[in-house]
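**Q** Chain residues, written in single-letter form:
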Amino acid sequence: MTVVPSPVDSTWGQAGISETPKFLGRLMRRPVAIVCVGYVAALIAVAVVAPIAMPWVANQHAGDLLATRQGPSSHHLLGTDTLGRDVLERILVGTRVSLLGVGEALAVVLVLGVPFGLVAGYHGGWLDRIVTWLGDLTFSIPAIVMIMVVLAVFPESMLAGMCTLGVVAAPGLMRVVRAATLQVRDELYIGAARVSGLSHVQIIRRHVLSRIAGPIIVQASLLAALALLVQSYLAFLGLVVAAPAPSWGGMVADGVNALELQSWLIWPPGIVLAVTILAFGLLGDAARDATTERWSPTPSRSDTSRRRYRRKPVRPADDSDQQRRPSRRTRDETDRSTDTRGALLTVDGLTASFGTRAGRATVLADVSFAIDEGEAVGLVGESGCGKTATAMAILGLLPASGTVDSGKIIFDGRDLTSLSARGMGRIRGGEIALVSQEPMVGLNPAFRVGWQLAECVRRHLHLPRTEAKAAAIELLRLVRLPNPESVARRYPHELSGGMAQRVAIARALAGNPKLLIADEPTTALDVTVQAEILNLLRELRRDRQMALLLVTHDWGVVADVCDRALVMYAGEIVERARVERMFRAPLHPYTEALFASNPYLANHADELPMIPGAVPLPGMWPIGCHFHPRCRYAIDQCRTGAIALARPEPDHETRCTEYKRLAGAAR
Amino acid sequence: MSESSQTDNVQTAELLRVGGLTVEYKGRHRRDAITAVDAVDLAIARNQTVGLVGESGSGKSSLGRAILGLAPIKAGAVTFEGRDITHADHRTRRELSRSLQAVFQDPYSSLNPARTVGQTLGETVLVHERPNRQELTARISIMLERVGLPSRSADRFPREFSGGQRQRIAIARALMLQPKLVICDEPVSALDLSVQAQVLNLLRELQKDFGLSYLFVSHDLAVVRHVSHRIVVFYRGQIMEEGDAREVHADPVHPYTRMLLAAAPVPDPALQHARRGVEVKRPDPDGEQASQVSCPFSARCPHATSVCRTARPRLETVSSLRRVACHRWRELTTQSPPKAPAATGAGS
Amino acid sequence: MTAVPAFARDRAQAHRNGGWELAFLSRRSVVGVVLRRVALAVPLLVAVSGLSFVLVSVTPGDAARQIVGVNASQATYLSVRKELGLNLPVYTQYWHWLTHAIHGDLGTSLLTGQAVGQTISSRLPVTIALVGVALLVSLVVGVALGVASAVRGGVLGRAIDAFALLGFAFPVFWVGAILIAVFAVKLRWFPASGYVPISESVGQWLSSFALPALALSLGGIAAMAKQTRESMLDVLGSEYIRMVRASGLAPSSIVLRHALKNAAAPVLTVLGVQAVGLLGGTILVENVFALPGLGSLVVSATLGHDLPVVEGVAVVFTLIVVAVNLAIDIGYTLLNPRIDTR
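Chains as they are written, first to last, in numbering that gives the first Met the number 0: chain L, 0 to 666; chain P, 0 to 347; chain F, 0 to 341.
Here chain L stands alone, though its shape is the one from the complex:
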C-alpha cells in the first residue's frame, strides 16, 4: 500500500513536468525492491484467485485418508497433511486469510497514524504532547496480550484481532510521521512558502506530504511484516481461523503436532511465511535506503566513514623514484621547500584520493611543504581545495575510502606514511595534535570534560589518576578558562562554543605536542570569541615553542597568527610565501583575485571584483593549471601541461608561469 501524493498544480501537470517525488522512481530502480514488490503482487493475485479456483479446500475436513502424511510426490507436490489433504493447495488458499489480516492491520495503522502524526508534528503544542505521551504509553503494552483479550471477547474474529494490532501499533507510526513532519517543517523552504502566503493546508499538501511519503512507506512495509507475523502467531494458536479453513500458521501447528511422525509438514508453510515476512521487511529496508539517498545536503565527511573507521593501510612509500606512481607533473627541484633539513614536518609529493561511484578521485596532487619548529603556517583555500584532506592525511585520519597514494610525510625524522597503526597512534596526540572546527561535536557528549582531559593526560604522560586529574585542571587553567574546577565537572553540552574550543585546545596540549594542527578552529565561533581563541593560540605557541598548521579560509586569521602561508586550489599548492610578502605582493592569479574580492579590502562604491566560475570538484580538475578556466592571465601553455612551482624570489614560490604580469611582481 503506497501513499501517492496528490498532484500539486494542474498547470504543471499539463506542462508535462513530473510531480511525483522521485522517491518511487528511486525505489523501483533497486532490484531488491522490484523482486519484493513482484512477489507481493503475485501473492495478492494468488489470494484472490486460489479460493475461487479451489473452492473445496476451505471446507475440506479430510482428503485422501489412505495417503496421509506423505512427503512430496508427483501427485502431491508438497505432500499431504495428517488428514490427507494436499499441502500445496492449502497453502495457496490460505494466502488470502494471511494477506487479509495484513491489510486490516495496515489500514487501521495508516488511518490513525498518518493524520495524527502530521498534525502533531506540524502544529505542535498540546496535540503534540498528547500524541507523544500516547506513543510512550503504547510502547509498554504487550500487543499480543491485548489482542488475546479482544479475542476472548470476539472469538475467532481476525478482524477484531488485527484491528487491535493496528490500534496498538498506530502510535509508533504516529511518532515517525511526527518526526518526519517536524524535520520538514523546520526546513527553510517551508518558511519561504509561508512568506508567499500559502495556507497551512496548502503547505502540508504541497510540500510536507511528498517529503514524508518515504518514511511512511518504510514504516508501512515493516508494519506489514509485523502484522503478518502476528497473524501467523494467532493462526498458529488456533485463535482466528476456524478449522478446517487453511492458514499458514495453522498448518505449522498441524505440522508440530505431527512432528514425531513426519517432520516435513512444518516446512512448506513455515518457509512461505518466512519468505513473505522477509519480502515485506526487505521492501522496507530498500525504501529506507531510497529515502536517505535523496537529499544531498552539505556533503559531510562522515558519510564515507560510516562503513569502517580504521584508516586504510597506506601503501608504504618507496625510496626509489621509479616505483612512485607516474605523476602528471615533472618532478621539479623547486617543488621542495627551500630547506627541508631541520624542518619539523616535511610533506613531500603527497598525493591522495578517495573512492566515488565513478572510481577514484584525486583530492591532493603532489602537495609539498615544510614547517619548522615553532613556526606557524597557514594553509589557506576555499572549500574543496583539499586543505582539510592534507591535515587529515598527515594524521592518518582520512575517511574510510581515502588513501594516500604516494608521497612522504616526514615528521621529526620519521616517515609517517610507513608507520604502523600503533606507531601512528603514539604520534597522534603526543607529537601532533588536532583541534577541529566544531568544538561541541569534537568532545564526547557522554563524559565530563575533566574526565576526557585526564584520560588524555594519562595516556600520554602516564600519570596516575589523581595526578592526571590535577594536570587536567592545570591544562584548563592554561587555556584561560575561569573556574577550571567547575568547568571540569561539566558535560560538553553545558559549555559555550568558545569554552568548548578552549577545552579542545587543552586536550590537544595534553600530550605536549610539537605540532598543533588546527582545522578551521574559529570558523564556527563569533568574531569576539574568535579573537580570544587566536590570542590564546599565539601565546601558547610562543610559550611552548609549538609549531602550528592553521587550516583556514579567512585571510584575516592568517594575517593575525601565521608566519608563512600556503595557498591551495583544487588539490594543489599554488603559492608559498612569508605572510608579509604574500599580502603585499601575491604572485599567483588566484591569490591576487582572492584578495581583490575580499569586501574588507574593496572600495564600497565599486563592484567587488569577482572570480567567474566555481572551484572544480575532485575528479573534475582541468588539464594543465587547475585555475586556468577562471584566470584572466591564462595563455595557451596553461591549458596543456602541468605547471611546476617557480621560485621568483627566495622563500616565495608560485605555480604560475605568468606571474611577472601580476601587479605584485612589480613590488
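Careful, some of the hints might be misleading.
What the hints assert, rightly or not - Computed Cβ-Cβ distance ranges for the label pairs, DEER-style: (1) F:Arg151 to P:His127: 58 to 66 Å; (2) L:His199 to F:Arg157: 24 to 32 Å; (3) L:Gly422 to P:Glu204: 50 to 58 Å; (4) P:Asp31 to L:Arg28: 48 to 56 Å; (5) F:Arg157 to L:Lys659: 39 to 47 Å; (6) L:Arg537 to P:Thr316: 35 to 43 Å; (7) P:Gln177 to L:His199: 25 to 33 Å; (8) L:Arg28 to P:His127: 32 to 40 Å; (9) L:Gln182 to F:Ala209: 58 to 66 Å; (10) F:Ser252 to L:Ser417: 23 to 31 Å; (11) L:Ser485 to P:Ala74: 31 to 39 Å; (12) F:Ala71 to L:His60: 39 to 47 Å; (13) P:Arg151 to L:Arg28: 18 to 26 Å; (14) L:Glu372 to P:Ala273: 20 to 28 Å.
Claimed, not checked - Beyond 12 Å from chain L on every Cβ pair, some chain F residues (computed): (15) Val30; (16) Leu39; (17) Val69; (18) His102; (19) Val140; (20) Ser206; (21) Asn286; (22) Ser295; (23) Val308.
Since the hints were derived computationally from the structure, they do not count as laboratory data.
Idealized CB from N, CA, C, for every residue including glycine.
Place chains P and F on chain L using the hints.
**A** Showing chains P and F alone in chain L's frame:
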C-alpha cells in the same frame, strides 16, 4: 538614502517601519521565555539597504523573521507601505508576498529538493497570477539568466547545483514578482569568498535595476559595510548603534561596535600585529538574559559603570544620521581614538 | 532490518536530544526516573484493564451464559448473573475489580473456579525464567556480536545483517518447531516438550529448558546484534571519535569506553522493545514446548473465554513490561547525561 524620522514628508519614501517590536520565544517546560528582540524601532526607505549586524544570539535573524511573520511577536508593530502587517493572516501574507520577499541563509534547505528549479520559481508566481505556460516559462528563463544561470536550469533539481548557484536560485525566486523589500538573512555566510563576491555583486545590480530595498542581516561587518547604506548594530535584542554604513565602520561610537571591529582580524599582517593588545573582555560563561534595567552590554563592556548596570540606555542622536544607545558615549568619543582601521586596499 | 522499525530509534534519539516531554520531574535523579515511570504505569494499567472491561460489556454472549450453558433456565441464568455481579453497570464492576486487584485479588477463573491470582503465581516462575534468560542471552550475545561486527566489518558484518534479517522473518513458533525437529526428534538430545521443575532435578530442568530458551533468544540476538552494529557504526563515524583517535588513545579503549557509552542508548531502547516482544513470543514458545507458564495459560483461557484469567494475565504482563522499562530508563539516565538543552 533617508533617515527615518517623525516628519510626514518622509513617510512616502519609507517602506518599512518597525516600532517597539518585541519578539519572545516561549520557553519549554521550566525554561524561561527568551526575548530575542527587545522593543526595537527600525525603518527602511525605498531603494535602500539596511545592514543588520550582530553576533549569534543577538536576535538579528529573529527581527527579519518577525517582519516576515515567521517569529512570535509579543509587542510592537510592523508597518509596511503604511499597512500594519504585524499579525497578518496568511491571506494578507499572500498579497504581501508580491512586495515582501526573503532570501535565507542555508542554500541547501531553502529549496524544496523534490521540485525542479522551474517549479519552485513558478510556484511563487502562481500564487498570484495565472499566466499561460509559455509566458511563465519565459519569465522564469529571463529571471534565471538575470541571476547568471542558464535557462535550462529550470528543469534541474537543486541537488545538481553548488551552494552559490542555489543561492542565486533563491534570489531569483525572491525576485520573480519584483518585490519592493527583500529580507536577506545571512545570504552569503555559507558561501566561499569567491562565490560571495558574485552573489553580493548580483544583489547590488538587482537593487539598481529593480529599485529594491534590502534588510541585509549578517554577522560579517565587512560584508555589511560593502552592501549597505545604513548599518544597525544589534546586541541581545537591542540596537546599540545605527548610522551611515561607512561612517559607522570608520568611526564607531558604541563600545560594542568598537569591540566588533577590533576583534575582526584584518587581512594585513603589519596592521593586524599593531592592532593586537586590545583587551577584549570575556563574557560570563553563564551568559544571562539582558534585563530591562541595565545596558545589555554592561557585563562585557570595558567602560561599564554603575549607571550602565542599572539603567537601560536609550538611543540618542549623535549626529544627523547617527544614533547610539550608550550612557557614556560622549566621554568615550572624546577620550579614545576610533579603533577601526581604514581600508588600505592591500594586495590589490 | 530490525524487528524494531525506526520509531524505536526515534525514541532513543529523542532521549539523546533530551526530548522527554514529561519534564516536571528532574531528569537527572534516579528517583525522578522511577517516579516518572510509575506515573506512566498507572494510566497504563488502568487503560489495559479498563479496556478489557469495556469490551466485556460489548460481548454479545456473556460469562454467565457460558457457565450455565445454552439449555439452562432463565432463572438460573439470571441468578448466576447476579452472583457474578454482571447486572451492575460496567463502571461499578470495574471499580470492584480494581479495588480487589490492588489487594491482589484478581477474581476467579470461570473455567476452573480457582482464584486467578493463585493460578498466575503458580505459573509465573516458568515464564519469568524463560523471558529472563532469553533477554539476558539476547543482550550479552547480541551486543558482543554487534560490537565485533562493527569493529571488524567485512564478512562478519554482512553475516550479522543476514542473520538479523532471518531472525526477524522467522516466526518464533517455527524456530521452535525446527529446533524440536532437529534436536529432539532427530538427534534426541533434548525432550520435545514438557517441563521439569528445577526443584525436582536441575539437570532435567536445564534440558527441558534449553530448546525453548534458545528458540526465544534467537530472534532477540539477531535484533540486538543488528541494532548494536548500526549504533556503533554511527558512533564510530562521528566527529568526536575522530578527535579521540587524533588524541592518540588506544583503539580498544576508544571502542569500549568512548564509543559504547554513546552507542548504548538506542540499543537499550531496542532491548525494551525486545522485552515486550519476548512476552509475546513466550506465549508461542510455551505452547509449542508445552511449558506450564503464563503463556499457555492465557491461550487456553482465551480459547475458553475465561475473561478473568485473560485480564489477570494482561495486567501481570503489563507490570512486567513496566518493570523492564523502568530498568531501562534508569540505564538511560546513568548512561547519558544530556538534558534538554534547547
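**Q** Any of the earlier hints contradicted here, and which numbers?
**A** Going through the list in order, the structure violates hints 2, 5, 9, 12, 16, 21, 22 and 23 and respects the others.
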